[in-house]
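Chains A and B supply the protein sequences, listed in that same order.
First residue of the first sequence: 223, per this note's numbering; consecutive thereafter.
First residue of the second sequence: 174, per this note's numbering; consecutive thereafter.
Note that these hints are calculated values from the structure, not bench results.
On a predicted model such as this, the values are computed, not experimentally measured, just so you know.
Positions of the beta carbon are idealized from the N, C-alpha and C atoms, including for glycine.
Misleading hints may appear alongside valid ones.
Claimed, not checked - Residues on chain A that point at chain B, a partial pick, calculated with CB under 8 angstroms:
hint: 1; residue: Asp350
hint: 2; residue: Leu379
hint: 3; residue: Val530
To be verified - Examples of chain B residues lying across from chain A (beta carbon under 8 angstroms, computed):
hint: 4; residue: Pro231
hint: 5; residue: Gly239
hint: 6; residue: Ala244
hint: 7; residue: Gly316
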Amino acid sequence: MTREHGLHLLEQMLRIRRFEERCVELYSRTAIRGFLHLGIGEEACAVGVMEALRPEDAVVATYREHGHALARGISMRAAMAELEGKTEGSSRGRGGSMHIFDGGARFYGGNAIVGGGIPLAVGLALADHLEGRQQVTACFFGDGAVAEGEFHESMNLAALWHLPVLFCCENNLYAMGTALARSESETDLSLKAAVYRMPAWDVDGMDVEAVEEAARRAAEAIREGGGPHFLELRTYRFRAHSMYDPDRYRDKAEIEQWKARDPIPALIATLSAAELLTDEDVEELESAVGAELDDAVAFADAGTLEGVEDLERYVVSEPGEAR
Amino acid sequence: MSPTTTYREAMREAIREALSRDQRVFLMGEDVGPYGGCYAVSLGLLEEFGPARIRDTPLSESAFVGAGIGAALGGMRPIVEIMTVNFSMLALDQIVNNAATLLYMSGGQCNVPIVIRMATGAGRQVAAQHSHSLEAWYAHVPGLRVLAPATVEDARWMLWPALCDPDPVIILEHVQLYNAEGDPGDGAGIDLVSAATRRSGDDVTIVAWGGTLRVALEASELLAAQGVQAEVLDLRSLRPLDSDSVVASVSRTHRAVVVDEGWRTGSVSAELAARITEQAFYDLDAPVARVCSAEVPMPYPKHLEEAALPQPDRVVDAVRQLGA
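In isolation and in its complexed conformation, chain A is listed as follows (with noise of 0.2 angstroms):
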């Protein structure tokens, strides 16, 4: 890796970090409402996956998809702006925190019904198999998703039309406050696509070096016509499945053990243990994405609130407005 790569994978993870950190304090003086799902400590996955995209590839992500959105490139300004439900947001404020979509960065949600995203995806691969686009669409969803039809349904779908989806599935081990094993009996995730006939494999969801090298390495093949690809990505969310849970469900211990494998301290190791870090980088960094975060902070409060008149926008298109 070289050092411009690493310092990258870096400040993405701590802007992603930083951002939902600053979220938790807005929720708490209300600038915030609503379900928010923080991905603290799976950063690497989403950073890792955008790596191995191109602008004209198309994301399918779930309610805990910030980091996606920040990763994809959306700016923090109109996503921290959504959160607030100002207009000036990705959705101009309609979706918050679970529906975040940005049409220009083909960034199709924020989908907040387990697995629904899914089918989705399978349809946006459909479109580019139909007009010849060699583009991907990397799919992410979670481990409770897989308890879904519609996962298996879509997972045979792609499999049978030999479609260009990249499966990401973020194992954090608990479907809200449900572990893995209570709710599968199979937990070798890979296996359920496995028999789909699809190459499937697991990785380490707390490493960004080995997420963005199994992007890369499917997202290849993808492009190359070699149909679609699933990872399992094994991660785990720090905090609480949302602000209203209290994290009853989860062994103390067990938390943790994960925290010791934080991906962006172990990204800062790896790094400065070959040289290509500094301490005085990471106050760098760290600098900057504060002063990114604060400036969006200050652009989500000063945004405007939709008028009234306007409640009814949208729900079918009007002459002229479609896109």
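Could you slot chain B onto chain A? The hints should help.
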């Protein structure tokens, strides 16, 4: 096309036209390929357009409807066929939580220009899992457009404007209509919002759509023999509802009967009765009457199925009870 054609052929011709006019259009669903469609609507299209555009799917309603939505997001113009409205319940998540919400939830960025066709309705003794009229479920949902073509001409000409619409459109095709014959006409004046007057009269307004238009028209003939001139209004679109046309007609005839093959409770007929009451109460000479299906899962035996469904004589009785 011959001057007279069937509803099935008209729909097939509409699909053929769409496939020919726009390369982004494709048809996807269970057995739409070699089988030719459960109701033979797509018969021959595979040979004409090939397997990429006439796509058989596994029995995975949620995935292939969702894939249609995704393909629409990706710039295509999918026509997705679901065998019956009962099976569409398996895809309800995709239709209600995705197709209907994405434009709004994305702040106007993500249009879903998909057409989802499904067969609906009873009358073939196929019992309680293949016969229901669940259009009220879809008509309930903001973000969807719901069409119920009742004539050969509407079957022929509503698909293309539906595909041109940037938002999701549900087309309900009543199974009893597929063999109906009629003149496909030229589609002049057909849009996706306006009700049509199928028979003019001054004594009562009978509102129907899809499979009940035939019932309403038969009833109107029986009534005419008794000296009652019924106006028969075909809604064609269930969402949006053309309230203006309904209210205008009722304001003139002062009586309204709604014929709905759905269950009475929470039905499209309930919505119509409410709107007529809200908007034309002082023009009414009698309460709004409704002739609906019996509130039972559809029974298999022919005599019970007939008893469960709106029949012309029941419509006549309802009209007579209004004092018309």
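Agreement of hint Leu379/A with chain B interface, Cβ distance less than 8 angstroms: Status holds, d = 5 angstroms.
When the least beta-carbon distance from Pro231/B to chain A is tested against 8 angstroms, hint result: It holds, given that the least Cβ distance between Pro231/B and chain A is near 6 angstroms, below 8 angstroms.
Closest C-beta approach of Ala244/B to chain A relative to 8 angstroms, hint status: Constraint on Ala244/B satisfied, holds at 4 angstroms.
Gly239/B as chain A interface residue, shortest Cβ-Cβ below 8 angstroms: Holds - the Cβ of Gly239/B comes within 8 angstroms of chain A, reaching about 2 angstroms at its closest.
Residue hint Gly316/B, partner chain A, criterion CB-CB below 8 angstroms: holds (5 angstroms)
Restraint check, 8 angstroms cut-off on beta carbons, for Val530/A near chain B: violated (15 angstroms)
Restraint check, 8 angstroms cut-off on beta carbons, for Asp350/A near chain B: With a minimum Cβ separation of about 6 angstroms from chain B (threshold 8 angstroms), the hint on Asp350/A holds.
Consistency with the previously given hints fails for number 3 only.
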